[in-house]
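> We have chain G already, so just place chain X on it with the hints.
Okay, here's what each chain looks like letter by letter:
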Amino acid sequence: MLRFLLSLSLATLAFACLREFNQAPKHTHRKRNIRRQADFPPVLTDQETILVNSFDNNTIDQWAYYYTHENKLAGLGRAAAQWTADKWAEYGFQSRLDEYEVYLNYPVSASLHVTYPNGTKQEVNLKEDVLPEDDVTGRPDNQPTFHGFSASGDVEAEYVYVG
Amino acid sequence: MKPILNDARRGQQVDFERLIELGVELEGKIALAKYGGPFRGLKVKNAQDHGMIGTVIFSDTDGDGEITVENGYAAYPGLYFIILQSHMC
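Order-wise, the sequence lines are chains G and X.
According to my numbering, the first sequence is numbered sequentially starting from 1.
According to my numbering, the second sequence is numbered sequentially starting from 1.
Note that these hints are calculated values from the structure, not bench results.
Ideal Cβ positions, reconstructed from N, Cα and C, are used throughout, including at glycine.
Careful: at least some of the hints might be erroneous.
What the hints assert, rightly or not - To give a feel for the contact side, a few chain G residues facing chain X, derived at Cβ under 7 Å:
| # | residue |
| --- | --- |
| 1 | L131 |
| 2 | E133 |
| 3 | D154 |
| 4 | V155 |
| 5 | A157 |
| 6 | E158 |
| 7 | Y159 |
| 8 | V160 |
| 9 | Y161 |
| 10 | V162 |
What the hints assert, rightly or not - Below, a list of computed lysine-lysine pairs in the DSS-like style, where the Cα atoms sit at most 27 Å apart:
| # | chain 1 | residue 1 | chain 2 | residue 2 |
| --- | --- | --- | --- | --- |
| 11 | X | K45 | G | K127 |
| 12 | G | K72 | G | K127 |
| 13 | G | K87 | G | K72 |
| 14 | X | K45 | G | K72 |
Next comes chain G alone, as it looks inside the complex (with noise of 0.2 Å):
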């Protein structure tokens, strides 16, 4: 039912960091407080009032631009490590960088090919568009799509969509 054919080249020395949609909402032990809803300005605590302090909008919209700009694959990226270990130090926490030898893989290569039935090829494009308004796409040191721990080699065949 399914003709065409699709060719597969991979070649891997890693591990993705990709997003799982659909999860499960998360367990939490926090109760949501419901008589706080109720009042305005809220009352915070000591602890809350130190939390609330420590960051504003443009706090976080510095962090989330340095975050998203960094490097952050498993095993590389150890400057925003740091950054984030310089981070908690300023406020106060001891922090330190450990090191652990583990088992992953980076890809060398990959490409994705249709066959359809007429016989013609077409490379099915594997990356994202380079945009002017982004400025994360196109970087030198972005990482191809590739699978962690996946065999590396050439395969066709027909193709199934099983879900």
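Just chain X now, with coordinates in the frame of chain G:
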């Protein structure tokens, strides 16, 4: 008409069982699976367990949920918003 595969599941064991029940040959083929739902590694494992030789996982636009142009949201890159989601890598 009953859909061939339940769209809420994505590359789960039951999907492969359903395909076998329908007489779809899996051996030696490449699995095409939607991203999301069960852990991506299990989609690959399920395909491998049924003799399939490769898996392509793709993000479908249904992952946008309610955040669609139809619902009045501008398409990327017209709108920036941050999704805060804690997840294990």
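> Next, verify each hint and record whether it holds.
Consistency of the hints with the structure:
no. : hint           : in the structure
1   : L131           : holds (5 Å)
2   : E133           : holds (4 Å)
3   : D154           : violated (9 Å)
4   : V155           : holds (4 Å)
5   : A157           : holds (5 Å)
6   : E158           : holds (5 Å)
7   : Y159           : holds (4 Å)
8   : V160           : holds (5 Å)
9   : Y161           : holds (5 Å)
10  : V162           : holds (5 Å)
11  : X:K45 / G:K127 : holds (25 Å)
12  : G:K72 / G:K127 : holds (18 Å)
13  : G:K87 / G:K72  : holds (17 Å)
14  : X:K45 / G:K72  : holds (26 Å)
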